[in-house]
Amino acid sequence: MQTSTLREKFNRPLVIAVTGLNAIDSPGPGVAVIRAIRECKDFDVRIIGLSYESLEPGLYMHDIVDKTYQIPYPSGGTDSLFSRLKYIHEEEQLDVIIPNFDAELYNFMKLSSKLKEMGINTFLPEIEQFNARDKMRLSEFGKKYGMFVPKDKIIHEKRELQKLEDDFDYPMVVKGKFYDAVIARSKDQAEKAYEKILAKWGLPIIVQEFIKGTEINIAALGDGTGNVISIIPMRKLYITDKGKAWAGVTLDDDNLIELARKFIEVTKWRGGCELEVMLTSDGKPYIMEVNPRFPAWIYLTAAAGQNQPASLVKMALGEKVEPFTKYEVGKIFIRYAWDLITNIREFQMISANGEL
Amino acid sequence: MRVRKNIATSDEGFLFNPTTGDSFSTNPIGTEIILLMKKDRTSKDIVDAICEKYDVDRALFERDLDDFTLQLKEFSLLE
Chain A
1 MQTSTLREKF NRPLVIAVTG LNAIDSPGPG VAVIRAIREC KDFDVRIIGL
51 SYESLEPGLY MHDIVDKTYQ IPYPSGGTDS LFSRLKYIHE EEQLDVIIPN
101 FDAELYNFMK LSSKLKEMGI NTFLPEIEQF NARDKMRLSE FGKKYGMFVP
151 KDKIIHEKRE LQKLEDDFDY PMVVKGKFYD AVIARSKDQA EKAYEKILAK
201 WGLPIIVQEF IKGTEINIAA LGDGTGNVIS IIPMRKLYIT DKGKAWAGVT
251 LDDDNLIELA RKFIEVTKWR GGCELEVMLT SDGKPYIMEV NPRFPAWIYL
301 TAAAGQNQPA SLVKMALGEK VEPFTKYEVG KIFIRYAWDL ITNIREFQMI
351 SANGEL
Chain B
357 MRVRKNIATS DEGFLFNPTT GDSFSTNPIG TEIILLMKKD RTSKDIVDAI
407 CEKYDVDRAL FERDLDDFTL QLKEFSLLE
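These protein sequence lines are chains A and B, in that order.
Using this note's numbering, you'd call the opening residue of the first sequence number 1 and step up by one each time.
Using this note's numbering, you'd call the opening residue of the second sequence number 357 and step up by one each time.
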């Protein structure tokens with residue numbers, strides 16, 4: 001049994017480092033990933049938080065994160081990240097790192113073989129897989145594999161918006177390369193959205209056809225050889241003004257499961273991902289975006305019976321994981337806000353020393 | 357006029373469509389009608405059963421049942 005294999009193999013808590021501890025109104029997935037991992041009875045863990053900012057709430061949740069280290073921003077490149085990880089590894093002897101931010105994944109993917117040599121395991125997509133689902137290539141991806149994707153155009157100058165009026169009707173969606181999407185209902189709104197996203201996320205900007213329908217998200221986990229380990233579709237029941245799910249329910253829809261299965265199979269996806277789908281009234285599932293990491297609502301997969309983060313840990317450590325075959329439909333998550341109390345001493349430790 | 361197999365219904369009149377994630381609640385008469393539909397009863401059977409149990413004008417109830425059925429269809433709850 002896998003249970004005894006991992007326990008026998010390590011005979012100590014696994015040391016797992018996790019990023020994305022910003023459990024805020026537009027949350028990172030880290031805290032949910034840790035919650036799912038901690039719930040797995042097949043191994044014990046020591047959790048190392050990797051943070052970018054001093055006020056990421058996960059840092060101060062001491063029953064979730066055992067110790068936190070600040071790491072350099074992704075824009076700092078792989079060298080500074082590697083030297084920081086090397087130091088953390090010397091202190092903590094990491095077994096696995098689970099990065100959870102889109103913007104940091106590229107650096108971690110590039111470092112994965114160097115990390116492996118040091119004894120740190122990751123379970124990330126290949127750079128080729130990562131690029132194929134990129135927002136800027138989604139249209140190409142949809143055509144290649146016969147999947148519904150919205151028509152889009154990548155633009156680098158504001159004046160290109162004018163030309164788009166021949167091909168796109170209003171409303172249209174103006175998106176940043178990493179994050180943010182604004183629905184623009186007029187030329188004026190489209191220009192404002194362009195400026196706003198440019199200032200925050202830089203170029204290029206993606207303009208996408210607006211698809212009306214029901215928002216469905218699918219959390220999926222692939223083993224990297226085309227096998228699907230888990231697929232959980234979720235309908236957003238309550239959406240924040242940032243478009244994030246504040247409540248959601250697991251669904252039973254074979255079409256959605258097939259869609260995710262096809263995605264994992266054709267890309268041979270390794271690791272977790274989230275498909276953002278718009279289901280039109282005539283039942284066409286449009287893939288709006290593919291996030292190359294677990295979503296913030298990932299704990300729902302564990303609650304529904306398919307613990308995706310724990311399965312990823314096992315696969316990262318070389319264990320064979322059998323695909324899940326069932327999950328609980330109608331399982332609901334409702335997010336909530338909580339005022340966590342800490343003191344200035346802790347804040348000072350992470351701010352000044354980069355460790356907590 | 358059959359309620360789709362995967363629709364979860366409770367005795368309290370709560371319906372959950374696991375394909376779409378939609379949920380609905382009905383009043384006690386709606387609940388009774390849905391429970392009859394789940395037993396594969398025809399429209400005529402439902403009208404007979406309700407008119408026998410309650411003091412209601414048959415023609416009026418038939419119209420109400422048609423409206424209710426239409427709503428259930430719109431919400432993709434019927435096969």
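Think of the hints as simulated: they come from the structure by calculation, not from any bench.
Even for Gly, the Cβ is constructed at its ideal location relative to N, Cα and C.
Hints may be right or wrong, so weigh each one.
[As the list claims (entries may be wrong)] Listed below are several chain B residues computed to face chain A (Cβ distance under 7 Å; list not exhaustive):
| hint | residue |
| --- | --- |
| 1 | G369 |
| 2 | F372 |
| 3 | T375 |
| 4 | G377 |
Hints that the structure is at odds with (numbers, increasing): As far as the earlier hints go, only 1 is violated by this structure.
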